[in-house]
Structures are given as C-alpha cells and as structure tokens.
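S.K.: Single-letter residue listing:
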Amino acid sequence: MTLLSVKDLSVAFHTEGGRLEALKRVNLTVPANRIVGVVGESGCGKSTLINAILGLLADSGEVTSGEILFEGDKDLTRLGSDQMRALRGQKIATVFQDPMGALNPVLSVGRQMRDIQYRSGLSRQQKNERSIDMLRKVRIPDPERRLVQFPHEFSGGMKQRIAIAMALMMEPALLIADEPTTALDATLEVATIELLKDLQRDIGCSVLFISHHLGVIAELCNEMVVMYAGEVVERGTTHEIFHNARHPYTRKLLACDPARLSRREPRLPTIAGTLPDLRNRPQGCIFQPRCELADEVCRMAPPDAAFEGSHVARCWHAEATMAGVSP
Amino acid sequence: MSAEPLLSVSDVRVRFPSGSSLTSLAGKPRGIEAVSGVSFTLGRGETFALVGESGSGKTTLARTLNGLQAVATGSIRFDGQHLVGLSEAQMKPVRGRMPMMFQDPVGSLSPRLSVRLLLAEPFVIHGLSKRDLNAEVARLLALVGLPRDLADRYPHQLSGGQARRVGVARAIALDPVLVLADEPTAGLDVSVQGEVLNLLNDLRDRMGLSILIITHNLHVVRQIADRMAVMYLGRFVEQGETGAMFRAPHHPYTAALLSANPEPDPDKIHNRIVLPAEVPSLVARPSGCEFHTRCPCAQPLCASDVPPPVTIGASRLTCHFPLSVEAPAASASA
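Chains as they are written, first to last, in this note's numbering: chain A, 1 to 327; chain B, 1001 to 1334.
These are computed hints drawn from the structure, not numbers from a lab.
The model shown is predicted, which means the values in this text are computed figures rather than measured ones.
Honestly, I wouldn't trust all of these hints.
[To be verified] Negatives, chain A to chain B, calculated, CB over 10 angstroms:
no., residue
1, Glu-21
2, Glu-67
3, Lys-127
4, Asp-198
5, Arg-281
[Stated by the list, open to error] Just some of the chain B residues that point at chain A, by a computed CB distance under 8 angstroms:
no., residue
6, Gly-1160
7, Gly-1194
8, Asn-1198
9, His-1219
10, Gln-1223
11, Ala-1260
12, Glu-1263
13, Val-1279
For each residue, glycine too, the CB sits at the ideal point set by N, CA and C.
Turn these sequences into a full structure, and let the hints steer you where they fit.
M.R.: Pasting the structure below:
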C-alpha cells in the first residue's frame, strides 16, 4: 500500500533574478512501513521537497503542477492551512538536522513533550507518563529525573533522540527525517540509525529520510531516490542503486564517496562542472552539461523515464550504462 | 623529513575554569582539563589527523597549538621555536606560518567583507600591505581554483565549497608551513569534499605544507592522513600510522570508533562494537582507565589503575589489555 505519492510535482520560487524552478516533475512514492531515502547534493531540492510535503513552502514559492497524495486520496497541495496543521505532528512528523534548534531552550523537556500532546485529550499525569515511556524508548537513562531538565543539560546525541521521541509521540503514519544524523559523531550516528530502525519497526510508520550521507542511506533505507538540480534522476531499491546504478550522476556521486575507495588514492574523485542555474535550466537532460555520455539526443530533449519495475533512471543512456562496467 | 620534527608537542595540558569557590572548598578540583597530557610530533610535509567524539578536545588542542588557547603546562616546539609563554606580539608571526582553518566555512568569513578584502586581510594584519594586494588576491584565487571575478562577491553569495576555498586561500596567504584544518569538509557534499581535499593535498605537495586535520569522517582520514591520533576525554588513547591503525587498532576505543563507520553498501554485514552512548563528563573523570565505563573489554584492573603507555609496532597507546588480533571492522577495508 502506498502511504505517500508525489506525482509530477513542480515547485517554483519567484526571486529577484527571475523564476527559479526548484523542483521539476518530481515523482516518488513512500509505501507503508518502508524507509525511503532521498539523496542528493546541496541545492538539489531535498528541503524544498520536504517543505512542499509539509505545506511549509516560503511565500515566494508555489506548487506549479502535480499533486502530493497522502493516505490515498488527500492531496496535500490542496489542503487548507487548518487541515495541514491538523496533519502535521499527528500524521506527519518531522525531525530536523539541528537538535538544539528543534528544542526550546527555555522550557523543560517534560513541558515540551507535554505540549506536543495538546490534542490528545490526556491528563497532565498521563501525558507525563507517555513522555517517560517515549524517552525510555529512545534510550534516555533515568527518564523520570530527566523530564524536568532543560535542553542544554543533554548532550547533542541525547537532544536528537529527544527530538525523535517527540516526533514519534503521536505515532505518526509518516516520519520525515531531514539529515537527522549530520550533526552527530560516527558512533552516535550509527546508534541513531539503529534507534530509528527499531522505532520504525515498533510503530509501523513509514520514514522519508533525507541525507547527503550515502553510508547512512545504505544502512537505513529500503528504497531510495536520487535527486539532482530539482529532478529525480534515479530511484530504486537501495540494493539496486548501490550495486547497479544506471544514471551517470548516481554513478559519479557514488564514486565520490571516499568510503568506496578500497585503497588510498592520490586524488579523490570529483564531479567536474557545477550545478546548472535553476533560473535558466539547460535544454534536454538536466545533467547533460556535466555528463561524459551526453550526445545530441541528450542536448535536445529531456529523457523520458521508462517507468518499468522498481528501478528507474531518467537517462537516455540508462540501458548502455547498465550493460557497461559494473560500479 | 629533516631530523627535527616541524612540531613537537610534549605533555600539553589545557584547563578551563569551572565550578564555584565552594567546589574547591569541598576539596574537588576546580576546572576541567580539556586537553590532558598530549604528546606528539608532526614532520614536514606530513598530514596528521585528530579523530574522536565531540567534546574530546580536538579543536581545543588545535587552538592551543597556535596560541588561541593558553597552555596550563607542557611544551610546544614549532619550527625550532618554543611557543609556550610567548606574548601576543611574538605569537603573531607564528600564526602567519601556522594558520587555522575554522570549522564553519561561511561563518568563519566576515559577512561585511568582499572576497578581495578577506584575502587581503592577512597581508594587512601582518604588516605586508606594501605588497601589490590585487596581485596577491589574484594569485591566491588561482591557487585555490576560484575564478577571478569571485573577488567582488560577499560570503553569503558563495556556495559552501567556494567559501571553504576562500578559507583555504586565507590560510595559505602567508606561505605557511603548517595548516590547522578544523573539519575542513564538514557539511560539504561528497563531490565538493573531494575537491577540497585534493586541493589541500596539492598544496601540501607543491608547497611542502604540513597539515593537522580534525575530522569526524574516518574515510577521509584513511585517504589523506599519514598518521592519526584518537582522542578521548582530552587524551590521546592511541596514535600511530594511519594504515596500520585501520588494519589493526589496538585500543578498544579505536576499534569501536572504526567499526562505527557507516559504509555505502546495503549488503554489508557489520560487526559493530556498540558502545554505551553516555560519554563521561570531564568534571568527573572515571577512575583508572577513563574508558573503562564504556569499554567492552574492561576488567577490574581497568577501574582501579591508570594504564601505562605501551608501544605496539608504530602505535602508541594507553590500555591494560590492548587488542592484538585484527579487529572485525578493519578487515572490511582489505
């Protein structure tokens, strides 16, 4: 069953320099009970995608086409602000990158955890008990005592776990996690991934996990979507993408990760060229100006994704790269 | 590498005051020791990496080296000169030869200065404004591979990678011999991360620079560092040659840290050494071996006695029961 389905979504921002197409015909689905990763570099539209789903686009941004279907029939792009507010925090919860910024520094953790249950109709006592349960689930030791403490009394990893506890408090159907481990050390990062996996299994929610860290995506996600310059260039199961990437951008991105180098190289791989100006998108394939395989066809028309099976690459040469050397 | 190392650090301690006078009345030590008895050397043209969790003292150590943080005890000898006890005026020329690249690429640039002024600033500060500053700016931009017309932009108009390159250009402006790079690639995309590291490597090869790099990314360490040190609660628990430490870490903490490295392979089976998440506080350091509260191999001895320094191969570490066999995590890189 599909929980969230983004269809042909385009988002544009009105800027001083003209109209900027931040998302262009984005398609992705989040099935129930699955963890879907979105990977891509700065400026690829990851945050715009999240904001569009949450109905939090800046005033200068607008959805110019497409729909975001949640739980089958609700089109999030058409809901009013009251209806969206009723969904956020209840059905769709979010964990952001910066755990300190997500918590109010002048309120105790317990107060913030109670406040987030304002719609539940529980008594103060019951809310506190649920908060304690949730803190225990995210492995905060001694939660009864911790409840009266303030955010600055917790370490960075603990604050992020508290943010996760708060997001999952209302047992949402969809958790959107925006780079939740980027600010953490490797040891804490791994612990947080394991925690997210366990909680996802317990609660049975779906997770849309945004990251630019390929290792984290590989460890956590069932499926993944690769974005470049506001477009989805490839999507498939994590296994398919990491072992049989078909889009040249995905292949280059994977090759850049020093973790994939089996031995020490004098020069680390990079991707030549720069992101295109989104106010003035190149004709044809979006990656064509930086792609070694680009030819006349690529420069003329955007590639039509052959939407067969689970693995899709929007590239005119997808078949050729698949047949080529395996990564 | 000449006979004398470029930098030798010996038993350096850095203390920060904390607590009230009541704590000292209660007989407890006042203040915390953020860097505790650190000794190492760094040769010319060598890249040395500091790794460890947040709060382990990596940045404090780097700031101590170029005098941004006072030393409590210990000695730092850099390029034949003792640095501890130098006045601000005496430290200034030293900082020109040992600049620091700060952590946040955009935040470490003044938002009110154009790239041109940012790059000219080191020359002005060090009394070299008689030089043709426009030519110097052009030279630096070319060195770090930025287009000339970038000189008139302001930091907020730069991408993360460009801002980082400006930071590199500022650091190498005065022909330094040692660059202290604090998380030079944190927050950068993998492709840009490669560009910045290649740039640092090029400069090292061309200018004979030494680099002290602080990073969370162990894959980066493996790629660029000749030697590395693992910090825990302000101490070096293990230091040695990078390749050897990745193949066979001897300290259980090093092994745990290396095993926690997320790998971009969904099918990989991990033999993770999972540590209890709670890092002890510097205010109340554990007894004996300070890692014993989280160590998977801890014995009663570890809680009571401070481990002596041991040398295994090229690695130096402090542990009662060093690991001798190859750790499961290290075999993955083979």
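S.K.: Mind verifying the non-interface call on Asp-198 of chain A? Its CB should be farther than 10 angstroms from each CB in chain B.
M.R.: Fine: 13 angstroms to the nearest Cβ keeps Asp-198 of chain A off the interface.
S.K.: Is the interface hint for Asn-1198 of chain B satisfied, with its Cβ closer than 8 angstroms to some Cβ of chain A?
M.R.: holds, 5 angstroms
S.K.: Against chain A, run the beta carbon of Glu-1263 of chain B and see if the smallest gap drops under 8 angstroms.
M.R.: holds, 5 angstroms
S.K.: Once the shortest beta carbon distance from Val-1279 of chain B to chain A is found, is it less than 8 angstroms?
M.R.: Hint holds; Val-1279 of chain B Cβ to chain A Cβ min 7 angstroms, cut 8 angstroms.
S.K.: Arg-281 of chain A: least C-beta distance to chain B exceeds 10 angstroms?
M.R.: holds, 18 angstroms
S.K.: Mind checking the CB of Ala-1260 of chain B against every CB in chain A and telling me if the closest is under 8 angstroms?
M.R.: Nearest chain A Cβ about 4 angstroms off; hint holds.
S.K.: Over 10 angstroms from every CB of chain B: does Glu-67 of chain A meet that, or does the non-interface label fail?
M.R.: holds, 30 angstroms
S.K.: Return the status of the interface hint for Gln-1223 of chain B: holds when the least beta-carbon distance to chain A is below 8 angstroms, violated otherwise.
M.R.: holds, 5 angstroms
S.K.: Taking the minimum C-beta separation from Glu-21 of chain A to chain B, is that value above 10 angstroms?
M.R.: The claim stands: Glu-21 of chain A keeps its Cβ more than 10 angstroms from every Cβ of chain B (closest is about 19 angstroms).
S.K.: Report holds or violated for the interface hint on Gly-1160 of chain B, using the least CB-CB distance to chain A and a cut-off of 8 angstroms.
M.R.: OK, holds: Gly-1160 of chain B within 8 angstroms of chain A, min 6 angstroms.
S.K.: Should the label of Lys-127 of chain A as a non-interface residue stand, given a Cβ cut-off of 10 angstroms to chain B?
M.R.: Label holds. Min Cβ-Cβ 26 angstroms, cutoff 10 angstroms.
S.K.: Hint Gly-1194 of chain B vs chain A: min CB-CB distance below 8 angstroms?
M.R.: Given a least distance of 4 angstroms, the restraint on Gly-1194 of chain B holds.
In summary, the structure agrees with every hint in the numbered list given earlier.
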